[in-house]
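Got chain A sorted already, so can you dock chain B onto it with the hints?
So you can see what is in the structure, the chains are spelled out below.
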Amino acid sequence: DAKTTQPTSMDCAEGRAANLPCNHSTISGNEYVYWYRQIHSQGPQYIIHGLKNNETNEMASLIITEDRKSSTLILPHATLRDTAVYYCIVRAGSGGGADGLTFGKGTHLIIQP
Amino acid sequence: GAVVSQHPSWVICKSGTSVKIECRSLDFQATTMFWYRQFPKQSLMLMATSNEGSKATYEQGVEKDKFLINHASLTLSTLTVTSAHPEDSSFYICSAKYTLLSSYNEQFFGPGTRLTVL
Numbered sequence: 001d002a003k004t005t006q007p008t009s010m011d012c013a014e015g016r017a018a019n020l021p022c023n024h025s026t027i028s029g030n031e032y033v034y035w036y037r038q039i040h041s042q043g044p045q046y047i048i049h050g051l052k053n054n055e056t057n058e059m060a061s062l063i064i065t066e067d068r069k070s071s072t073l074i075l076p077h078a079t080l081r082d083t084a085v086y087y088c089i090v091r092a093g094s095g096g097g098a099d100g101l102t103f104g105k106g107t108h109l110i111i112q113p
Numbered sequence: 001g002a003v004v005s006q007h008p009s010w011v012i013c014k015s016g017t018s019v020k021i022e023c024r025s026l027d028f029q030a031t032t033m034f035w036y037r038q039f040p041k042q043s044l045m046l047m048a049t050s051n052e053g054s055k056a057t058y059e060q061g062v063e064k065d066k067f068l069i070n071h072a073s074l075t076l077s078t079l080t081v082t083s084a085h086p087e088d089s090s091f092y093i094c095s096a097k098y099t100l101l102s103s104y105n106e107q108f109f110g111p112g113t114r115l116t117v118l
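First to last, the protein sequences are chains A and B. Oh and the first sequence: position 79 is 79 in our numbering, straight run, nothing missing. Oh and the second sequence: position 51 is 51 in our numbering, straight run, nothing missing.
No lab work stands behind these hints: they were computed from the structure. Hints are not guaranteed to be accurate.
Taking lysine to aspartate or glutamate pairs in the DMTMM-like style, the calculated list, with each CA pair at most 25 angstroms apart, reads [said to hold, decoys possible]:
1. A:LYS3 / B:GLU106
2. A:LYS69 / B:GLU106
3. B:LYS64 / A:GLU55
4. B:LYS41 / A:ASP99
5. B:LYS66 / B:GLU87
6. B:LYS20 / A:ASP99
7. A:LYS3 / B:GLU59
8. A:LYS105 / B:GLU59
Chain A on its own, in the form it takes in the complex:
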């Protein structure tokens, strides 16, 4: 799996958009970008994933650069409940692999009131 690099921590004001960056310069053509988050003392929660096109769902938007070497997860209107550790993971997607996920250190996002 390609290695990812994320900032250790970030602050964001409640109600603002939270933009979480992730670098994955060694990503290969068949690898997807997945985002999960883990609220303290809970299991991780799937957020979104993408291959090359930008994606949006009810939780977030994922913007992937044209060269696919980096991406940004956007929480459009952050709330206090979005305080969590956010993990960017690069993995083979379509039909591929039954392997578990490799979690890095992630970004600890703190939403300030």
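This is chain B only, laid out in the frame that chain A set:
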């Protein structure tokens, strides 16, 4: 979305005893489930991959005789920590791969089980 449950949510046991943790996919079938361990202030580490009807695959450094995994049905995998010791105290989390959606590798996680060995 798909729901995964774990039981118990927390357990305290004496050193030398065995503890069984259950992981269930409640509204979907999962031929593959995964077990992770998370120590305080650290990230999740994959312990093993559990496949329905076959032996589990363990990650390097994880003792298969100590962490027994059984995946007897498409909705249930169990992890048994045998002869637990204080160093096994950790947060154990399972996940299940949503195999009906074979187009991508999404996994759904359980809420975790906090194990404390005295």
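Are the Cα positions of LYS41 (chain B) and ASP99 (chain A) separated by 25 angstroms at most?
-> holds (24 angstroms)
Between LYS3 (chain A) and GLU59 (chain B), is the straight-line Cα distance small enough, at 25 angstroms or below?
-> Within the cut-off at roughly 19 angstroms; holds.
Does the structure keep LYS69 (chain A) and GLU106 (chain B) at a Cα separation of 25 angstroms or less?
-> Roughly 21 angstroms between the alpha carbons, so the hint for LYS69 (chain A) and GLU106 (chain B) holds.
Keeping to a limit of 25 angstroms between CA atoms, is the pair of LYS66 (chain B) and GLU87 (chain B) held or broken?
-> holds (13 angstroms)
Does the structure keep LYS20 (chain B) and ASP99 (chain A) at a Cα separation of 25 angstroms or less?
-> Roughly 23 angstroms between the alpha carbons, so the hint for LYS20 (chain B) and ASP99 (chain A) holds.
Restraint status (C-alpha distance of LYS64 (chain B) to GLU55 (chain A) at most 25 angstroms) = violated (40 angstroms)
25 angstroms Cα cutoff - pair LYS105 (chain A), GLU59 (chain B) = Holds: LYS105 (chain A) and GLU59 (chain B) sit about 19 angstroms apart, inside 25 angstroms.
Taking 25 angstroms as the top limit, are the C-alpha atoms of LYS3 (chain A) and GLU106 (chain B) close enough?
-> Answer holds: LYS3 (chain A) to GLU106 (chain B) is near 19 angstroms, not above 25 angstroms.
Hint violations for this structure: number 3 only, all remaining hints satisfied.
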